[in-house]
Amino acid sequence: MKQDDVNLNERDVRDALRALARAEEHLAARPHVEAAVMRAWDASAAASIGPRRGSQARALWAVAASFLLAVGASYVWVRSDVPVVATQSTDAGVAVGSSWPSDEALVWLDPDPASLQIVRLRVASATLSAQGYPVSDPDGDGTVDIEMIVGADGLARSVRVTASATQMN
Amino acid sequence: MDATQASSDEELIERALRGEREAFALLYGRHQAPVYRFARAMTGSSSLAEDVVQDVFLTLMRDLGRYDVARGALRTYLFGIARNIARHKARTVRRLLSLTEIDDWAGIDDPAEAFAVAQETLQLRRCLSALPSRYREVIVLCDLQELDYAETATVLGVPVGTVRSRLHRGRQMLLERLRQRAGLRSLTPAAKRCVI
Numbered sequence: 001m002k003q004d005d006v007n008l009n010e011r012d013v014r015d016a017l018r019a020l021a022r023a024e025e026h027l028a029a030r031p032h033v034e035a036a037v038m039r040a041w042d043a044s045a046a047a048s049i050g051p052r053r054g055s056q057a058r059a060l061w062a063v064a065a066s067f068l069l070a071v072g073a074s075y076v077w078v079r080s081d082v083p084v085v086a087t088q089s090t091d092a093g094v095a096v097g098s099s100w101p102s103d104e105a106l107v108w109l110d111p112d113p114a115s116l117q118i119v120r121l122r123v124a125s126a127t128l129s130a131q132g133y134p135v136s137d138p139d140g141d142g143t144v145d146i147e148m149i150v151g152a153d154g155l156a157r158s159v160r161v162t163a164s165a166t167q168m169n
Numbered sequence: 170m171d172a173t174q175a176s177s178d179e180e181l182i183e184r185a186l187r188g189e190r191e192a193f194a195l196l197y198g199r200h201q202a203p204v205y206r207f208a209r210a211m212t213g214s215s216s217l218a219e220d221v222v223q224d225v226f227l228t229l230m231r232d233l234g235r236y237d238v239a240r241g242a243l244r245t246y247l248f249g250i251a252r253n254i255a256r257h258k259a260r261t262v263r264r265l266l267s268l269t270e271i272d273d274w275a276g277i278d279d280p281a282e283a284f285a286v287a288q289e290t291l292q293l294r295r296c297l298s299a300l301p302s303r304y305r306e307v308i309v310l311c312d313l314q315e316l317d318y319a320e321t322a323t324v325l326g327v328p329v330g331t332v333r334s335r336l337h338r339g340r341q342m343l344l345e346r347l348r349q350r351a352g353l354r355s356l357t358p359a360a361k362r363c364v365i
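Protein chains in written order, with the working numbering: chain A, 1 to 169; chain B, 170 to 365.
What the hints contain is simulated information worked out from the structure, not anything from laboratory work.
Idealized CB from N, CA, C, for every residue including glycine.
There could be a bad hint or two in this list.
Here are the computed distance ranges between Cβ atoms for each label pair [what the hints assert, rightly or not]:
no.: 1; chain 1: B; residue 1: P301; chain 2: A; residue 2: D15; range: 14 to 24 angstroms
no.: 2; chain 1: A; residue 1: D141; chain 2: B; residue 2: E179; range: 53 to 63 angstroms
no.: 3; chain 1: B; residue 1: R199; chain 2: A; residue 2: Q117; range: 34 to 44 angstroms
no.: 4; chain 1: A; residue 1: S129; chain 2: B; residue 2: E179; range: 44 to 54 angstroms
no.: 5; chain 1: A; residue 1: S129; chain 2: B; residue 2: A202; range: 45 to 55 angstroms
A few chain A positions that, by computed beta-carbon distances, are all more than 12 angstroms from chain B [what the hints assert, rightly or not]:
no.: 6; residue: I118
no.: 7; residue: V119
no.: 8; residue: R120
no.: 9; residue: V123
no.: 10; residue: A124
no.: 11; residue: L128
no.: 12; residue: G142
no.: 13; residue: I146
no.: 14; residue: E147
Could you build the full structure based on these sequences and the hints that come with them?
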């Protein structure tokens, strides 16, 4: 590239870009990146083998089914002026309970499942409604219970409304 | 080159889907460098680019079964993932880090030549990183990664005509910026201060 020549043209730019590409041919991610990726592979493989594989798959399906039920219930809540669809809400909660999801499900949520934590909250349903998340209040006490799976970066990976206060304890 | 290394990407994916660790490691070794260089050019940071590489291959690992060879080469697919992750990270960081890490001096023995090359490279990188991302990404893909128009269009999810027009416009913008810098370099320091 003619650095001191203001009469550059597009051909010079393309030549300079080709030169830059050649100069950067040797650049690559350092070995620790590969090590991290392959550790994740090993963890994923370990989570998907062994005698618990069938039960893990069933648990994953249960999580997926409960999620769909929760989404369906939320849709009904949002669309309806009738405030209670308690049976659907209860079904969604009972489907997986408040237990920790399977290893397989956790790997699906985050490549580093060991970093995940579950956070349980009880919040005023009016607060959620004010934030644009209208939910029903099956217990009639003005609060709803929420479970969140949170990653090490502080971001929620999964959120669900649980059915009753008893699951919080 | 042994038979394993000569395997196509599709064969390696099939084997990785069956749980073969070596197959996935070969895919990583084959594609990580281009993905890294693309991410580095897009984010302006070596460390951020390594994060992108890691996330790209974790995404590939998770969605291995979703890759459809009929929709393009694996490298194109990976660039598409890298593009989305790089944009997300750039938004998260809320700033593009400076491309001033002179880590490509390696392999040049003459210090004077190394300095000159580094200065030119630095100017070009700075001008490139200052372009709007929609122009920068087509230049990076077509001119630095040497993808053809159709492959670039697949990565970006736009028509080929859009790639052509953005590439032309991007090169023109890059040219203008380089001219401005070259012009400034030819001015005296006092005049430069006035211009600045």
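Hints, one by one, checked against the model:
In this structure, P301 (chain B) and D15 (chain A) meet the distance hint of 14 to 24 angstroms, their C-beta atoms being roughly 23 angstroms apart. Between D141 (chain A) and E179 (chain B) the beta carbons are some 57 angstroms apart, a value that agrees with the proposed interval 53 to 63 angstroms. At about 36 angstroms, the CB distance of R199 (chain B) to Q117 (chain A) agrees with the hint of 34 to 44 angstroms. A hinted range of 44 to 54 angstroms for the beta carbons of S129 (chain A) and E179 (chain B) is consistent with their spacing of about 51 angstroms.
Look at S129 (chain A) against A202 (chain B): about 51 angstroms separates their beta carbons, and that is inside 45 to 55 angstroms. For I118 (chain A), the condition that its CB be more than 12 angstroms from all CB atoms of chain B holds, with the nearest at approximately 21 angstroms. With a minimum CB-CB distance of about 21 angstroms to chain B, V119 (chain A) clears the 12 angstroms threshold, and the non-interface call stands. Listed as outside the interface, R120 (chain A) is consistent with that label: its C-beta sits roughly 27 angstroms from the nearest C-beta of chain B, beyond the 12 angstroms cut-off.
Residue-level check passed: V123 (chain A) sits 26 angstroms from the nearest beta carbon of chain B, beyond 12 angstroms. Residue-level check passed: A124 (chain A) sits 30 angstroms from the nearest beta carbon of chain B, beyond 12 angstroms. Against chain B, the non-interface label of L128 (chain A) holds: every CB pair exceeds 12 angstroms, the least being about 26 angstroms. No beta-carbon of chain B is positioned within 12 angstroms of the beta-carbon of G142 (chain A); the least distance is around 36 angstroms.
Its beta-carbon lying about 25 angstroms from the closest one in chain B, I146 (chain A) satisfies the requirement of being farther than 12 angstroms from that chain. Every CB of chain B is more than 12 angstroms from the CB of E147 (chain A) (nearest about 23 angstroms), matching its label as outside the interface.
This entry satisfies every hint, going by the numbered hints stated previously.
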